[in-house]
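Keeping their order, the protein sequence lines are chains R and W. No gaps in the numbering here: position 40 of the first sequence is 40 in the working numbering, and each next residue is one more. When you read off a place in the second sequence, starting at 1, and then add 1000, the result is the number in the working numbering.
Some clues are possibly wrong.
[As the list claims (entries may be wrong)] Residues from chain W that face chain R, not an exhaustive set, calculated with beta carbons under 10 angstroms:
hint, residue
1, D1165
2, L1168
3, A1173
4, D1174
5, Y1176
6, L1185
7, P1189
8, A1192
9, G1218
10, G1220
[Stated by the list, open to error] Using 20 angstroms as the maximum straight-line C-alpha spacing, the simulated DMTMM-like pairs for lysine to aspartate or glutamate come out as follows:
hint, chain 1, residue 1, chain 2, residue 2
11, R, K147, W, D1165
12, R, K147, W, E1169
13, R, K147, R, D173
[Said to hold, decoys possible] Now the in silico label distances, taken between C-beta atoms and shown as ranges:
hint, chain 1, residue 1, chain 2, residue 2, range
14, R, V65, W, D1010, 43 to 49 angstroms
15, R, P96, W, A1104, 45 to 51 angstroms
16, R, E190, W, A1104, 48 to 54 angstroms
No wet-lab data here; the hints were simulated from the structure. Given the structure is predicted, the values throughout are model-derived calculations rather than measurements. Glycine included, each C-beta is placed from N, C-alpha and C at the ideal position.
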Amino acid sequence: MQDQEDACRLTGLGRTYGKGVSAHRALDRIDLTIRSNEFFTLLGPSGCGKTTLLRLIGGFDQPTVGEIAIFGRNVAGLPPEDRPVNTVFQTYALFPHLTVAQNVGFALRMLGRPKAEIAATVARMVALVGLEGMEHRRPDQLSGGQKQRVALARALAPGPKILLLDEPLSALDAKLRQRMRSELKALQRETGITFVFVTHDQDEALAMSDRIAVMQGGRVQQLGKPEEIYEAPANRFVADFIGGANLIPARIGAGGAMSEGLGVVPAKGDLGAEVTLAIRPERLAILPAGLQQPGDLGPLRVTERIYMGNELSFRLEGASVPLHVTLPRGGLRGAQDFAPGDSVCLRAEPGAIRVLAS
Amino acid sequence: MALFDTRSKDIRNLPGFGLTATLAVAFLYAPILFLVLYSFNSGRSISRLDGLSWQWYQAVFANEEIAGAALNSVLLAVIAASVATVMATAAALAMVRMKVRRRAAAYAVLNFPLMVPEIVTAIASLIFFSSVGLGLGFGSLVIAHTTFCIPFAYLPITARLTSMDPALESAAADLYARPWRRFTLITLPLLAPGLISGWLLAFIVSLDDFIISSMLSGPGSTTLPVHIYSMLRLGITPEVNAVSSLMVAASALVVIISGLIARKQT
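Please model the complete structure; the sequences and the hints are all you need to start from.
Okay, structure coming up:
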């Protein structure tokens, strides 16, 4: 069954730049399996190794150690032109002296396909990305979004087994980026090609991916579905990087976790263990201090009220670290409002408090 | 009212700008204008204008020695510029892929000849060619001109190459182009404006060269600047002005062509 086959299997993959004391381990022996037909995202801050990993899969760089298998075939040592993978580059890298049609047909021309076949595929790809009528334009006559589509069509034209996308949306403005997200996702479903998408934008990753690998320091910090990554972060880094979280140092005591200024927070763990409590800002309710019940966090003082249109956010002090709460505007919870100086307490939704090893 | 007055920052609005600019342009072009003006003199003087005529240009075109020297110069410049452009391209392609420190070292080695006084290069070439038994003549001229043309051809080529997105070659490789086709289909067409201006610059430098040519040219391989110099020794007539004016015109033409190419590419 095609669907069960692994698109890309990385085994003990490492890449070190430089030698001796100045050596920099960009990738630290990564083991990772990307499934066939999935939209897989490598997510992390700059310098986390995500682009290095993409370059290794594409063949633009060779690993220091480890193996890369693409649909079961070991591709170690092969140059990009011998891999069944195509890339959408961050800068698009469209050939400026060639027309849209020539750009899209470039790979097929290199593969020596007949002219009629090239023309038919180019027409199909141009239609797929909605650029009919632009075939004879040159890249400098296109808008950013159109260039992006040409880059996609060009990479899809030879029918790659895996499509690599290196931050392809980062050069677009916010509105266009939103639209391209849905288009990319739809394109992936339509073509059934495995997408490996690199980004530092967590919203992008959450919105499009089947699975996400969160990377930091050349390692995969967590691998999972968007819901798993967001709801159940494996460690401090993931909790903080994805969506932001209140990270509160605490110690497990009898009946819960003790944290300075917050009292006893309902949490489980080994007695006496130093832990970090992670709570998403939108999974807390904010109440007047007078309504505090056992298990609530507080009392705390509002130091800042931040209005963001669809959301209202408060910064609170009184615990060992400043805390943040985000409320939607409108609806029941949105009816709550406070001003700096108010004394309040926080009530966490059931299951909202995650205990992470510190 | 604007927060910052940009007009006052513009150098063109400083007092005395117009006068300074006019004087500077006059300083640059006055001697050449005089040269061109007296090339049309109907008399034999190069300091007193008797009237206007084409006679000295007719004399130049009738002079077989000048025609021969001009042909030598153009042939030499075409060969030297072409070979130098190929070599400079190879150097630029190799150097753009080097690590920063090695590239700086290679750059210094390649461009050092530009700093060496030309008379030194000329004497060194003369001594070298005679000691290896190459002798004087067109062959020696070609080698010497090619050598000093390389750094001139290299500069525009490497400028163009470093401004190219390195992802373009990666993209070509990703789209199954093998190294030779990546070079011929992507790198070379995009490099073309740099190659053309590099070639033109080398051509002009070779065409205008006097010192090295005067040391290395043998009988029958005299270049135009060397021939003009020998004409001076027989007394200056407006014929020298006429042939010099023609060289100025040729140089200006090359500059205009190269400017047009540069503008088309941006």
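Can you name, in rising order, the numbers of the hints this structure does not satisfy? The structure conflicts with hints 9, 10, 14, 15, although it agrees with all the remaining ones.
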